[in-house]
Amino acid sequence: MNCRKSRALFSDFYDHGLDQKSHKALIAHLSGCSECQKEYDSFNKILVILKKLNKYDVPHDYIKDIRNF
Amino acid sequence: MKVEEFNLIDRAKKGDRKALDDLFGREQRYIFNLMIQLTRDPALADDLTQETLLGAYQNLNKFRLQSSFRTWLSKIAINLFRKECRRRPKHVSICLEEIKVPSEKTLPERIVIKREMQWCILHSLQQHVPKQYREVLVLRDLQNLSYEEIAEILSWSIGKIKSRIHRGRKILRAHFVNGKCKAFAEKDYLCICDGILEL
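Heads up: the sequence lines are chains A and B, in that order.
Mapping the first sequence onto the numbering used here, position 6 (from 1) lands on 6, and the numbers just tick up by one.
Mapping the second sequence onto the numbering used here, position 109 (from 1) lands on 1109, and the numbers just tick up by one.
If you are wondering where the hints come from, they were derived from the structure by calculation, not from laboratory data.
Yeah, the Cβ is synthetic: ideal placement off N, Cα and C, and Gly gets one too.
Any given hint might turn out to be false.
[To be verified] So the derived label-pair ranges between C-beta atoms look like this:
#1 A:Arg4 - B:Gly1025: 48 to 56 Å
#2 B:Lys1002 - A:His16: 23 to 31 Å
#3 A:Asn44 - B:Asn1061: 41 to 49 Å
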């Protein structure tokens, strides 16, 4: 697997959506390629931070009475 | 769809006020949250939520129970959001104070850096990832929906969803890492991506 192909799989890899063969091939590539490893690390970190921001504090009284519509 | 929800919708369609209140009451916080993620503007999110609920209320009889009620509402909400995007100017700034920071036991400096990173990532997502990619990223990475749920809401194939998510994440990362926010900065906010890119 080359770097270009490896990076095209990052998103599916992050979502655990790769088949076993691609998963193994990507892991093998990442183990030997520090550039792709670094790129995946930053890709992963951004998404982890994003996930932690998933909830906005909706006010507790945020209930619209649809009978007013 | 759960039997309970099916019954609730059935009763609501027949004009049962209590069923109507229950049905809408339990989804409106979710829709408001989704709209906040897409717009980062509480007032606009509130307007879009109300429009969504009103639209759903008026069209409840057209709901054919082919998806969950939440999915149907999300679909209406996303369409209203798209309509709003066509009408509104781009690049609305957000305030740092709006971002909820998880509790942190590390050094104060780390908290500041983390907060800045969160702000920049959100800012990149909100303002620099094109809308067609932002929608899928919000649904997948902020709302944690499955590919199947997103496909239902957006009426796209799973293949298209996957490819949009892949492309959207790539754009988000590239934008964030390259620190392009700075070039787009306007007077009312300061983007400081450049100093915190040691990922």
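Hint-by-hint comparison with the structure:
Hint check: Arg4 (chain A) to Gly1025 (chain B), Cβ distance near 50 Å, so the stated range 48 to 56 Å holds. Against the hinted window of 23 to 31 Å, the Cβ-Cβ separation of Lys1002 (chain B) and His16 (chain A) comes to about 26 Å, which satisfies the hint. Asn44 (chain A) and Asn1061 (chain B) have their C-beta atoms about 46 Å apart, which keeps the hinted 41 to 49 Å range intact.
The structure shown violates none of the earlier numbered hints.
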